[in-house]
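Chemist: Sequence:
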Amino acid sequence: METATATPGAARKRRRRRRRSQSPPPAGEGPSEPKLSKLRFGCGGGTRSGWENLDLVLSLQGKELSLERKIELAFNFTSTESNWSNHGRRLDIVQLLRAVSFIGNWVQSILILPENSKKMSEPFDPVLDYRCWAILRVCIEKKPSISISPNVLKSLGRVARNGLSRVDTGALYDDKESFDLFGHVLGCMSSVFSINTRTFFNAGVDLWASCAIEVISLAQKVSHNERNGCTVLWNLGNCLFEQFSSFLRFYANPKNIFRTFVDRILDPLLELLVLLNSQVNSLTHKQDRTMLKVVEEILSNGLFHPQHLSGYFGLKNLNKSSTSRDVIGSYHRHLFERFKAIKAENKSVMLAGFGYLLQLFVRRSGNQRAFLGPRETSLQKSSEGSEEPHHHRESLFEVFMQFMEPLILECKSYSEKNFSNLGVTKLVEVHCMLKSINKVLTTVIEEKIYVPTEDTSEGSYFEFLQDIYRVLVSMAEKMYEFWVSAVHLEDANVKKMLPLMFAEIVDAVGHLLDIEYKVMGRDLVKLWLMIFALSATNASSKDIKPCFLLASKISGLSSQVICTFSELRQVSFSIFTLCGAVRTFRAAVGTGVAASSFSVSSLSSDKCLESLAALLSSQTLRDAIRTSINSMPEGQSSRCIEELTLDLTGTLKWMRTCGLLDVKLEVQGESSLVTRDSVFGQRAELLGRHLSEIYTNVLESITVTTSNSTLVAKSVERSLYLQSIGLMPPDSAIEATELVGNSFVVCCGKEWTNSANILAEGYFAWIVQNSFPLFDAIEILTQSLSRNCSGFTLLVFILHVMALQRLNDLNRQINAFDFLLEDDTDQFDKENSEGTELLKKSSCLEATQLTSFMMSYVRLLSSGETGSFWCYEISSSWDSSLCSLDEFSFPIATWRLLCENIDIWSPHASKKDLKNFFSNLIKFAFVEKRSCKDVENSGSQSSHREITLCNVSVQLLCDTIIYDRKYSSWISCKLQVIVATYSLHSPSGKTAAIGNGMPSL
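Numbering of the sequence shown is given in full-length UniProt numbering, commencing with residue 1 and proceeding in unit increments.
Source of the hints: derived by calculation from the structure; they are not laboratory data. Warning: the hint list may mix true and false statements.
List of simulated lysine to any residue pairs, SDA-like, C-alpha gap at most 20 Å [what the hints assert, rightly or not]:
hint	residue 1	residue 2
1	K176	C230
2	K526	T577
3	K478	K448
4	K923	Q955
5	K923	L860
6	K653	E685
7	K653	G635
8	K923	L956
9	K448	N346
10	K496	S552
11	K347	K448
12	K426	A341
13	K448	S552
14	K417	C432
15	K417	V471
16	K412	E394
17	K340	C230
18	K142	R98
19	K841	F775
Derived Cβ-Cβ restraints for the label pairs, each shown as a range [what the hints assert, rightly or not]:
hint	residue 1	residue 2	range
20	V525	E779	23 to 31 Å
21	K340	N367	26 to 34 Å
22	K176	D263	35 to 43 Å
23	T425	R639	47 to 55 Å
24	D514	I961	38 to 46 Å
25	L646	G681	20 to 28 Å
26	G521	E642	19 to 27 Å
27	V801	I961	33 to 41 Å
28	D180	T290	22 to 30 Å
29	S856	R522	48 to 56 Å
30	L785	S597	45 to 53 Å
31	R639	I780	39 to 47 Å
The structure presented is a predicted model; accordingly, all values stated were derived computationally and were not measured. A virtual CB, placed ideally from N, CA and C, is assigned to each residue, including glycine.
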C-alpha cells in the first residue's frame, strides 16, 4: 500500500500509466473515460479516502472529461450519504471539507458561465441541470463558510426565465425533469439564505435588477395558476423576493440604487402589485397574500426607504422658487417623472398601482414618525409647538398631489375621447385606473391627509380636489353617452365593463364627498341626475351581473349624500333637491325644462320609471331620510315642513305644465292628446308612487317635542298636529283641539267628570262633527271589495293603519276609565259612575270590532283559500314601500303591521283569534322558503333585504314583549311542541337559529 506521503506528481504518473494500459475504444466512439470507484469514507483508513478525494478534484480540474461527466462524478460524491458524520479521524474530516469546498466553488464556476461563452460547448446548460443545484446545496450545508458568488443571481434569472417558458408552453405540468430542477433550486436557495441571510448583499443593483425582472415575470404568470409545478415556482419567486427586499432595506447607500430601481424594476413590479391586489381576496389565491406582502416591502424599501422620506416631504418646494439646490435637484423627482412617462405611454395597468404606492408611502412615513423616540418627539414639540402634525399633513398632501396628477391627466384625456373607438382592452385599462384613483382617495380618507382648516391661503388643496370631482363627472358623462348610443350592444364584454367602470366612478364621488363635501358645490341637481342616469343604465341591463354591484353602489351614494348634509344640518336641502331632480329627470321631451348632460331621451319611459322606482324605494335611501330627519335639530322641524309645502306646491305646478307640450309635439308630428296624456300619466306615477312616499317619510320622521310643538302645529294639519297638541301648554292645547275636535287629547283633572267632552267624538271628528264611527265606515267600504282585496290592497292597508290609530286612542280612554272607576277613587257620584261604565263598554265594543276586522285577514292566511294569500309559501316578499304594495305583498304588509303593534290590538282579540295568530306566527317562522340571502341576491335592483313573513315572525318571536303578557304560558307550550316537531323535519338548521335568538321559555 502506498504511503500517505506520496506526492501529487507521483499520483499523476500513476494516472497516465493506467490510461495507457486501457484498451482502445470501439470505432466511432470518443476516448473512453476513467471509471472512478465508489468512494469509501473511513473504511480503509484516511489514506485511501484522501487519495480518492484528490482524484476527484483532479478529474474536475482536468480537460479530459466532458462537463456532463464531471457533474455526474460530483453529484455521486455529494449524494453519498453513508458515513458523512462517522469519520473517526480529524485528518479525514479536514480532507473531506477541503474537497467539499473545492466542489462548491467549482460548481459555482460552471453555474455562472455566460450563456454564449466558448466554454459552453456542451449540448446542455448546467444551470438547468438539477444536479448542479443539488451539489451546491450539499456543499453549503456541509461547509457554511463557502462564499457564494454574486453572479449566481444571473443563473437564478435564467432558471426563472426557463420556468416562464415552460409554463407558457405547458411543458412544465407533466415534466419530471422540470419538477426536479425547480425543486432543487428552491431547496438550494432556502439553505443558502438560512445559513447566511446576507448572501447577496455584496451584489450590485444591476445583478439584482436582472434577476428580479425575470422573477417578476415568472410571478405574474404563476400567481393565478395552481397546476403542477407552479406552486414550486411561486415559492421560489417568493424566496428570492424576500432576499431582494432585505438587500434594499440594508443597502449602505440607498440613494445610489434609487434611479436603477425606478428605471428597471418599477414598471414590472407595479404590474405585479396590481395583479396581486386584484386576486388577494379570492378564495382560490390565498397564497397571493404572502407574496403581496413581500412585494409591498420591496417597493417600500426601494422607493420609500427611511433615508428617502425627508426628500419627499420637501416636494412642496419643487414647484416654487427656491435657491436650495438639493431640493430643486432632488433625485425623488425622477420617480414622479417616471409617473408622467407611464401616463404618456398609456400604461393604464401601471397607473392602477399608484394608489397602492401612496398607501405604502403613508404607511412608511407613519412608521418612521412612530419610530422617533420620546426624546425626538419632545424636542419637536418644544421647538415647533403644535405645528408638526400640520406640516406633516401638508407634506403628505403635496405627495398625494404628485401621485394623483398623472391619473387625473389620464382621466381628462379620456373625457375628451369617443368611447366608441375604444376596445375592450382599453376599457379594462380605464377600469384599473379608476380603481387606482379610489385607492388613492381611500388612503386620503384613512390617513386624514386633507383638513380644510389647514389648506393653503389660496385654497389650492381644495381646488385640486374640486378638479378631481369635475373630471370624474365629465368622464361619467362621456361613458353615459357611449352607453345610450347603443354602439356597445353587440359586444358582451363591453357591456360587462361599463357597469364596473360606473361603479368605480360612483365610489370615487363618494370618497370625495367624505373628504370635502364642498367639491360638488351647491348644484346637487346635477349629482342627482347623474345618479338617476346610472340607475337607468342599471335598469336597462338587469341581465348583466356587474349591474347588481352598480345598484348597490348607487343606493349607497344616494344615502351618503342625504347623511352628509344631515351632519351639516342641511338635510332638507338634500332631500328637496332630490325631489327637484326627480321632476327634471323625465322620459318625455318637453319644453320649459333645460336639457341635462345626463339625458335619458333615448331610453324608454318604462326604463326611466323603473330606475327611479328602484332607487327611491330602496330601503337604504329611505332609512337615510328617516334617520336624518329624526336627528334634525328641533328648531328646524317647522322650517322643514314649510320647505316641504313649497316643494309640493312646485310638484303640483309641474303636473299642470303638461299642456305646454302641445307646440313641441305638433312640430314633431305626433298626436298631442295621446302624448300629453302619456306624459301626464308618467308624472302622476312619479308623484303618486315616489314623491309622495318621500313627503310621507319626511313627515312621519319629524320629532315633535314640547319646545317645537307650537311651531310644528302652525306648519301642518296631519297626524303631527295631534302629537303637537299633546305637548303644548294647556291654554294653547285647548284652543288647538277646537280645530281638531278631539278634546280627549288634552282632558285632565275634573274635565274627565264631564262625559260630554268625549261623548260625540270619534275618529273623523276633526273633519265633521257627529261623524260615523270608524268601524261603520270600514264595513261600508269592505262590503264592495273581494276577499283577496285585488286592486284595492293599498286602501285595505290604510284601513288597517286607521284601525290601529283608533285602537291606540281607545286604549288610552279605557285605561283612563279604569282608573276613575277604581274603588278608592272618589271622582264620580253613582250616576256619573254608571255613565262612565257605559262609555267604557262602548269603547271596548268599538275596540273589539276593529280588532275583529284586522283578524279577519289573519284568518284568511290560514284558511287554505286560493288567491294571493297562498303565495307566502313560495317566494313572496315586500320592500316596505307602499308604492309597491300589491295583492302578493299585502299579506306581508298587514302581518308586519300586526306583529309590530301586538300590544295595541291583542287585549281586544278573542281567544280563538289569538290562537290563530300565534299558530300562524310559529308556522311562518319555521316555513321552508328561500333564505333572506337568496332574496337579496336573486336579481332585485332594490339592493336591500326585503321583508318576508318568515323574518317578520322570527323578529317577533325574539321580542320579549310576547312573553310578558297573559298569553305567554300558552305560547310557551305551543312553541315547545312545534320546535320539537320541526327539529325532526328541518335539516336546514333554521330551528336552532331561531331558538338561539329567543328568550328563555
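Chemist: The structure should be examined with respect to each hint, and the outcome stated for every one.
Modeler: Here's how the hints hold up against the structure:
1. K176 <-> C230: holds (13 Å)
2. K526 <-> T577: holds (10 Å)
3. K478 <-> K448: violated (31 Å)
4. K923 <-> Q955: holds (14 Å)
5. K923 <-> L860: holds (14 Å)
6. K653 <-> E685: holds (15 Å)
7. K653 <-> G635: Status violated; Cα separation ~29 Å.
8. K923 <-> L956: Holds - the C-alpha atoms of L956 and K923 are around 13 Å apart, at most 20 Å.
9. K448 <-> N346: Violated, because 31 Å separates the two Cα atoms, which is more than 20 Å.
10. K496 <-> S552: The given pair, whose Cα atoms are some 16 Å apart, holds under the 20 Å limit.
11. K347 <-> K448: violated (29 Å)
12. K426 <-> A341: holds (18 Å)
13. K448 <-> S552: Violated - the C-alpha atoms of S552 and K448 are around 26 Å apart, more than 20 Å.
14. K417 <-> C432: holds (18 Å)
15. K417 <-> V471: holds (13 Å)
16. K412 <-> E394: violated (26 Å)
17. K340 <-> C230: Not OK: K340 and C230 at ~35 Å, beyond 20 Å, violated.
18. K142 <-> R98: Holds, because 11 Å separates the two Cα atoms, which is no more than 20 Å.
19. K841 <-> F775: This hinted pair holds, its Cα atoms lying about 16 Å apart.
20. V525 <-> E779: 23 to 31 Å: Given a distance of about 48 Å, which is not inside 23 to 31 Å, the answer is violated.
21. K340 <-> N367: 26 to 34 Å: Roughly 28 Å apart at Cβ, these two residues keep to the hinted range, so it holds.
22. K176 <-> D263: 35 to 43 Å: holds (40 Å)
23. T425 <-> R639: 47 to 55 Å: holds (54 Å)
24. D514 <-> I961: 38 to 46 Å: Holds - the Cβ-Cβ distance for D514 and I961, about 39 Å, lies within 38 to 46 Å.
25. L646 <-> G681: 20 to 28 Å: The hint (20 to 28 Å, Cβ to Cβ) holds, given that L646 and G681 are roughly 25 Å apart.
26. G521 <-> E642: 19 to 27 Å: Holds, since G521 and E642 (Cβ atoms, about 25 Å apart) stay within the stated range.
27. V801 <-> I961: 33 to 41 Å: Given a distance of about 20 Å, which is not inside 33 to 41 Å, the answer is violated.
28. D180 <-> T290: 22 to 30 Å: holds (24 Å)
29. S856 <-> R522: 48 to 56 Å: 53 Å Cβ-Cβ, so the 48 to 56 Å window holds.
30. L785 <-> S597: 45 to 53 Å: holds (48 Å)
31. R639 <-> I780: 39 to 47 Å: holds (41 Å)
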